[in-house]
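Number of protein chains: 2
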Amino acid sequence: MRKDIHNSNIPVRCMSCEVRHKGICGALGADELQALSAHTRLVNHEAGDELAGEKMPAESYATVIRGVVKLTKTLEDGRQQIVGLQFAPDLLGRLNADENAVSVEAASDVNLCRIPKVALERMVKSNPALAERLMTQTLRELDEARDWMVTLGRKTAAEKVASFLLLIATHLDPEATGDRRQFDLPLSRADIADFLGLTIETVSRQMSKLKAEGIIGIVANRHIHVPKLSKLKAFCGS
Amino acid sequence: MRKDIHNSNIPVRCMSCEVRHKGICGALGADELQALSAHTRLVNHEAGDELAGEKMPAESYATVIRGVVKLTKTLEDGRQQIVGLQFAPDLLGRLNADENAVSVEAASDVNLCRIPKVALERMVKSNPALAERLMTQTLRELDEARDWMVTLGRKTAAEKVASFLLLIATHLDPEATGDRRQFDLPLSRADIADFLGLTIETVSRQMSKLKAEGIIGIVANRHIHVPKLSKLKAFCGS
DNA sequence: GCGTTTTCTTGATTGAAATCAAAGTGTCAC
DNA sequence: GTGACACTTTGATTTCAATCAAGAAAACGC
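Taken in sequence, the protein lines are chains A and B.
Counted from 1, the first sequence has number 292 at position 211 by the numbering used here; the numbering is strictly sequential.
Counted from 1, the second sequence has number 316 at position 235 by the numbering used here; the numbering is strictly sequential.
Rather than coming from a laboratory, the hints here were simulated on the basis of the structure.
There could be a bad hint or two in this list.
Pairs involving identical chains hold if they fit within one copy or between any two copies, as the list cannot separate such chains.
[Said to hold, decoys possible] List of simulated lysine to aspartate or glutamate pairs, EDC-like, C-alpha gap at most 20 Å:
1) Lys292 with Asp130
2) Lys198 with Glu213
3) Lys290 with Glu140
4) Lys290 with Asp171
5) Lys292 with Asp171
6) Lys136 with Asp179
7) Lys206 with Glu186
8) Lys314 with Asp179
9) Lys312 with Glu157
10) Lys198 with Glu180
11) Lys314 with Glu157
12) Lys314 with Asp158
Construct the complete structure from the given sequences, taking the supplied hints into account.
And the structure:
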């Protein structure tokens, strides 16, 4: 369920983004930022909420402030594939598109900073630095998609699961240092399966295997402990 | 083997591109085009030639004039995945990157129009229309990558091969109309396998199956005849 | 043309992941 | 807390694609 927290005590300005998570705001001047802030709106969503439907008209952009958003595509008969995960401070939405190429869904509870389509697009036209920043993010997404194609096409189930855990471990807290990680999985087994092109049973079995081999320690169901990141990497096949 | 045909009777100017294949030139004014043309160079490559290595320094951009170029990524142990195919008039190379994220190889014999890195990047800075055109191509590549992730993760071998044939049928000659197609496969069975995340044996078997079911007719080894494109589509799973 | 090499096809067998099935665990409303 | 429901794990079996192994057909060099 979408819960609008405009008018709450959280400052509803993109100003706040700039400091906290290096979103698009870094490319904006103070006056541009102020102008944009008049249109942005902070919203919360719970895990499972659909933020935008595949082939539905694109309404707005949004910066991910907290949580994980999944991009999915579905075949006619219902088979589903997650084609991208977005972490803070990624920007959701694609420039100049009339309709969404993918379905956008909250994987975990998320906070978003919504930006109306026209507001951002007007700003991009007059600000080459912002356009370049968006290009950089798009190229990074392309790299990630291609990396994941290798995982989907050529890795074993064990390598896929290890690669997924490594991805989460490194993306949830990019600032973390050292060879040890601890985090809560933002995705269900079903989501992980849809991301890896596997079934939930296979994901579960491979997780158990990694646990048995001491690569990961599972405290609670979703809580993962990685004693040695380098050891996990060795299981990823690349 | 790279065969340089500069100084041949083929006009070595990007001017020619604009008319023939709607490359980046469409975004350029006549004077810009002339300036660019001073730096571009038409080159030929044979199937199998490596045009740029993964993690090697990026030297230049190039427009594909004729033929098919494959983008590949390779795991440490040699497993390979094709992560993209480029047809005319696609632009090879990524903006502002110091090194290649992928290995670039000629799948068939190809003609390229090479553009030095600095020449294009200087032009992009001063020409927003060109920047937008590159953004559009990048977004299209992202869409294609994500579409292919669904194929890799969720389709059966039969659906994968059908999807590949459909991709080639629609990309080799985008202008073609009607429900019938005839073309030469620009990729070997090994390349097809690397694109689909399969083995060559499985690709071969599925091709034989499609032939047996009358979906495709194979004249010579590489020559494919598709009597009904719509029938092939029905085998793609989406 | 003819032999060599490479690529492609087909068959037999194996193996990894899917499917089918059931039990266990966690979460949430009340 | 307690029951209901959803999610996860584990086991048994099946299936699809990989692997192993020959042949057949093209492509190539001479």
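Task: Violated hints, by number in ascending order, as checked against the structure - done: 1, 3, 4, 5, 7, 8
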